[in-house]
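Novice: For the record, the sequence lines run as chains A and B.
Residue numbers in the first sequence follow my numbering, run continuously in steps of one, and reach 453 at the last position.
Residue numbers in the second sequence follow my numbering, run continuously in steps of one, and reach 453 at the last position.
A portion of the hints provided could be inaccurate.
Identical copies look the same in the list; a pair holds intra-copy or inter-copy alike.
To be verified - The calculated PhoX-like cross-link candidates involving lysine-lysine, where the alpha carbons are at most 25 Å apart (straight line), are:
1) 224 - 23
2) 313 - 300
3) 23 - 178
4) 372 - 422
No lab work stands behind these hints, which were simulated from the structure alone.
Protein chains: 2
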Amino acid sequence: MRAVDIIDKKKHGEELSKAEIEFLITGYVKGEIPDYQMSAFLMACCFQKLSAQETTHLTDVMRVSGDVMDFSDKISGYTVDKHSTGGVGDKTTLVLGPLVAANGVVVAKMSGRGLGHTGGTLDKLESIDGLKIELEEQDFIDIANKVGVAVCGQTGNVVPADKKLYALRDVTATVEDVALIAASIMSKKLALSNQGLVLDVKTGKGAFMKDLDASIELAQRMVEIGTLMDRDVIGLVTDMDIPLGKTIGNALEVQEALETLQGNGPKDLVDLCTELGGRLLVLANKADSLEEGKSKILKSIDDGSGLKKLEEMVEAQGGSLESLHNLKISKNVFELKSSKSGWVQSMDALSMGIAAMKLGAGRETKEADVDLEVGLKLFKKVGDKVSEGEALLNIYYSDTSKLEEVKKQLLESYTLSDIEVEQPKIILAEVLKDKIVKY
Amino acid sequence: MRAVDIIDKKKHGEELSKAEIEFLITGYVKGEIPDYQMSAFLMACCFQKLSAQETTHLTDVMRVSGDVMDFSDKISGYTVDKHSTGGVGDKTTLVLGPLVAANGVVVAKMSGRGLGHTGGTLDKLESIDGLKIELEEQDFIDIANKVGVAVCGQTGNVVPADKKLYALRDVTATVEDVALIAASIMSKKLALSNQGLVLDVKTGKGAFMKDLDASIELAQRMVEIGTLMDRDVIGLVTDMDIPLGKTIGNALEVQEALETLQGNGPKDLVDLCTELGGRLLVLANKADSLEEGKSKILKSIDDGSGLKKLEEMVEAQGGSLESLHNLKISKNVFELKSSKSGWVQSMDALSMGIAAMKLGAGRETKEADVDLEVGLKLFKKVGDKVSEGEALLNIYYSDTSKLEEVKKQLLESYTLSDIEVEQPKIILAEVLKDKIVKY
Numbered sequence: 015m016r017a018v019d020i021i022d023k024k025k026h027g028e029e030l031s032k033a034e035i036e037f038l039i040t041g042y043v044k045g046e047i048p049d050y051q052m053s054a055f056l057m058a059c060c061f062q063k064l065s066a067q068e069t070t071h072l073t074d075v076m077r078v079s080g081d082v083m084d085f086s087d088k089i090s091g092y093t094v095d096k097h098s099t100g101g102v103g104d105k106t107t108l109v110l111g112p113l114v115a116a117n118g119v120v121v122a123k124m125s126g127r128g129l130g131h132t133g134g135t136l137d138k139l140e141s142i143d144g145l146k147i148e149l150e151e152q153d154f155i156d157i158a159n160k161v162g163v164a165v166c167g168q169t170g171n172v173v174p175a176d177k178k179l180y181a182l183r184d185v186t187a188t189v190e191d192v193a194l195i196a197a198s199i200m201s202k203k204l205a206l207s208n209q210g211l212v213l214d215v216k217t218g219k220g221a222f223m224k225d226l227d228a229s230i231e232l233a234q235r236m237v238e239i240g241t242l243m244d245r246d247v248i249g250l251v252t253d254m255d256i257p258l259g260k261t262i263g264n265a266l267e268v269q270e271a272l273e274t275l276q277g278n279g280p281k282d283l284v285d286l287c288t289e290l291g292g293r294l295l296v297l298a299n300k301a302d303s304l305e306e307g308k309s310k311i312l313k314s315i316d317d318g319s320g321l322k323k324l325e326e327m328v329e330a331q332g333g334s335l336e337s338l339h340n341l342k343i344s345k346n347v348f349e350l351k352s353s354k355s356g357w358v359q360s361m362d363a364l365s366m367g368i369a370a371m372k373l374g375a376g377r378e379t380k381e382a383d384v385d386l387e388v389g390l391k392l393f394k395k396v397g398d399k400v401s402e403g404e405a406l407l408n409i410y411y412s413d414t415s416k417l418e419e420v421k422k423q424l425l426e427s428y429t430l431s432d433i434e435v436e437q438p439k440i441i442l443a444e445v446l447k448d449k450i451v452k453y
Numbered sequence: 015m016r017a018v019d020i021i022d023k024k025k026h027g028e029e030l031s032k033a034e035i036e037f038l039i040t041g042y043v044k045g046e047i048p049d050y051q052m053s054a055f056l057m058a059c060c061f062q063k064l065s066a067q068e069t070t071h072l073t074d075v076m077r078v079s080g081d082v083m084d085f086s087d088k089i090s091g092y093t094v095d096k097h098s099t100g101g102v103g104d105k106t107t108l109v110l111g112p113l114v115a116a117n118g119v120v121v122a123k124m125s126g127r128g129l130g131h132t133g134g135t136l137d138k139l140e141s142i143d144g145l146k147i148e149l150e151e152q153d154f155i156d157i158a159n160k161v162g163v164a165v166c167g168q169t170g171n172v173v174p175a176d177k178k179l180y181a182l183r184d185v186t187a188t189v190e191d192v193a194l195i196a197a198s199i200m201s202k203k204l205a206l207s208n209q210g211l212v213l214d215v216k217t218g219k220g221a222f223m224k225d226l227d228a229s230i231e232l233a234q235r236m237v238e239i240g241t242l243m244d245r246d247v248i249g250l251v252t253d254m255d256i257p258l259g260k261t262i263g264n265a266l267e268v269q270e271a272l273e274t275l276q277g278n279g280p281k282d283l284v285d286l287c288t289e290l291g292g293r294l295l296v297l298a299n300k301a302d303s304l305e306e307g308k309s310k311i312l313k314s315i316d317d318g319s320g321l322k323k324l325e326e327m328v329e330a331q332g333g334s335l336e337s338l339h340n341l342k343i344s345k346n347v348f349e350l351k352s353s354k355s356g357w358v359q360s361m362d363a364l365s366m367g368i369a370a371m372k373l374g375a376g377r378e379t380k381e382a383d384v385d386l387e388v389g390l391k392l393f394k395k396v397g398d399k400v401s402e403g404e405a406l407l408n409i410y411y412s413d414t415s416k417l418e419e420v421k422k423q424l425l426e427s428y429t430l431s432d433i434e435v436e437q438p439k440i441i442l443a444e445v446l447k448d449k450i451v452k453y
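Model the full assembly from the supplied sequences, consistent with the hints where possible.
Specialist: Here it is in structure tokens:
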């Protein structure tokens with residue numbers, strides 16, 4: 015087999031075998047196939063597209079390029095995971111994980127850090143004093159078994175093929191391809207032996223995918239891969255035109271997650287967790303219908319069992335409950351007031367995410383530090399009525415140097431209307447292995 | 015400017031500026047832009063295609079990436095060049111150059127060596143004892159001025175961008191693209207300041223381009239580039255389904271060129287030289303019409319002035335006239351006889367070129383040596399009548415190890431018909447800057 019022949023085959027639109035994809039990817043990871051052949055191949059893939067089967071082969075070959083965590087006989091019961099493609103104010107994992115665990119389904123999840131305008135669960139968890147996000151495999155499994163939910167960073171050498179490929183795609187204009195994106199995400203998700211997976215594909219201004227149809231396609235491709243690899247996968251395409259919930263920033267989002275588990279969550283976040291969680295319970299055979307699953311999730315908020323799971327997880331991972339309930343949030347607060355009256359017609363999630371990043375809540379580069387105490391608390395979201403001089407949001411800041419810029423940016427993020435505006439839907443589409451439903 | 019943005023722009027089908035193409039190519043030659051970005055760019059070009067203007071920019075940027083030979087004020091009069099895309103038995107330069115020079119038009123030509131089934135003029139010239147093909151620039155110019163025709167190898171560092179790009183294209187499945195091929199050829203041709211250029215684009219089984227329409231497109235792209243760069247360029251698409259002339263092999267082909275200039279040439283070779291030469295004379299204002307140009311070329315055969323120019327060139331380049339007229343050809347000859355009667359319906363130029371290469375007349379790899387004395391002399395070509403037992407061709411060989419294989423291959427190259435077959439046309443299409451004529 016020669017790399018050039020495989021590239022040529024793909025260039026001419028022919029379908030590659032698993033052996034061919036394996037030859038390329040494993041050779042590339044080993045350094046036997048050079049960057050220049052791989053980048054030509056990736057560009058050919060962008061034009062000729064990979065079939066579902068090819069994408070699945072690629073995913074599987076990438077998946078096994080490094081450490082694979084098979085806990086199928088180490089964690090009892092059906093285990094699940096959730097993946098979000100990243101957005102602004104997305105604290106879903108912190109709410110959903112405990113609620114699902116409270117219903118007897120094990121959530122064994124590896125999360126990531128934030129980058130750019132999107133936050134990351136690991137950063138958020140670090141707002142809790144003492145909480146360890148770097149867990150040894152055995153500790154991770156033990157906590158998942160004992161508590162029912164464990165969240166940690168990627169341990170060991172998980173999917174090195176993706177790291178190497180992503181770095182190359184980033185500099186060769188080959189990032190934007192739905193099959194390559196799907197393979198990248200799924201290879202990492204499926205490196206853990208979770209049987210059930212819900213995908214939360216964000217769409218809109220604050221998401222990587224701005225376009226609904228492209229987001230549905232991405233969900234489709236990922237569901238296809240998961241299905242071909244014998245996992246139970248459901249994709250929800252959800253709104254990220256506006257931030258999720260009412261907070262952006264690390265400690266602020268943990269606080270909101272906590273309040274949500276205490277029954278005081280914002281409607282969009284509660285709805286999203288209910289829709290995702292309800293489906294996970296159905297996958298895990300803990301509910302006979304989505305309706306039953308959703309009501310079980312809501313019940314776990316009402317009866318405090320979800321909150322209890324979060325507390326158990328925090329403690330099991332070495333975190334302080336005292337800290338969880340008294341999160342450090344900056345004392346420097348600026349109340350941003352509306353300069354006119356009306357109904358909030360739109361909010362620019364991307365711009366708000368970037369504003370929060372400028373405050374220090376996010377990182378511009380992978381190496382940057384994050385200020386856990388800063389961020390935004392939103393009082394007004396799309397559909398809300400606002401009077402002139404009424405507070406739109408609070409800015410929690412440490413450093414004043416960018417405050418004026420951030421204020422201006424946030425004010426411009428809001429568009430007000432003179433007439434009443436409907437509250438937006440959170441779930442826009444559902445992608446199952448055999449159908450797509452748009453809402 | 016960032017390479018990744020330029021790649022992305024091309025990936026999305028936008029037209030690149032000269033500055034962008036220059037940034038990529040000069041950066042690549044300097045080693046500032048890595049192979050992996052260039053290969054992704056090249057693959058994007060294969061899909062999105064380069065416009066005529068982009069291809070011209072690319073050609074020009076490549077052209078000036080190394081030494082450029084501007085002899086516009088060093089050689090008096092209109093200077094011309096001919097380029098062939100390579101074929102089997104193609105000794106055109108050795109006939110055409112002297113005939114054109116005999117009509118007062120200077121031919122200043124850099125040639126190449128053969129590779130695979132195609133021969134190269136430099137190898138052929140080396141059949142003549144003493145003839146130097148590595149000329150200093152000043153000697154090349156002096157000979158062109160004095161004799162009117164000079165043929166040498168690439169001197170110095172001509173178009174290093176093409177060498178580097180070609181090596182990369184070869185291993186990344188990006189060779190096959192008409193704009194990239196056109197830019198590669200034209201950058202080297204236009205690195206010399208010849209004002210007139212005829213392109214002999216070979217098409218058919220023995221050519222790199224097997225397909226007539228693809229060959230016409232290549233000719234078109236090259237004529238466009240030349241025209242946009244203020245040169246006078248004409249493209250002829252000519253038959254290479256069967257070998258050109260009646261010999262394949264180095265000394266054998268020089269002998270055939272000599273015989274052609276003595277008035278004993280095969281019809282296809284004479285026709286091709288007349289058509290190419292007639293056009294060059296029109297470009298150089300030495301003839302008012304193609305008809306006049308062609309008859310002048312034929313006259314230079316009849317009156318021996320072409321032969322005289324070849325002899326003058328050979329002497330000026332240090333070659334022996336004694337050797338030219340007594341070329342060393344292997345004494346080991348095998349006469350291959352037809353096993354049946356009929357008319358020759360087809361000959362496989364590729365297979366015959368490979369057979370000659372196996373005898374040693376060509377090189378399988380760039381590094382291989384060539385045996386100048388071996389090759390084939392064809393007695394029967396398409397349209398000729400053959401009787402059972404009559405000789406199809408002579409095989410001149412040195413080494414007997416591959417002789418049986420070659421015999422078999424050559425016999426299989428011929429297809430005979432029971433009914434009379436027409437002689438094939440040599441000129442299939444003509445590409446001018448404003449029209450295409452198919453013959």
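Novice: Each hint needs a verdict: does it hold in this structure or not?
Specialist: Hint check results:
1. In this assembly of identical chains, residue 224 and residue 23 lie within 25 Å of each other by CA distance solely across copies; the values are 19 Å between and 32 Å within a copy.
2. With identical chains, the CA atoms of residue 313 and residue 300 are at most 25 Å apart within one copy only, with a shortest distance of 14 Å there and 97 Å across copies.
3. Taking identical chains as interchangeable, the C-alpha atoms of residue 23 and residue 178 lie at most 25 Å apart whether they share a chain (23 Å) or sit on different chains (23 Å).
4. With identical chains, the CA atoms of residue 372 and residue 422 are at most 25 Å apart within one copy only, with a shortest distance of 12 Å there and 77 Å across copies.
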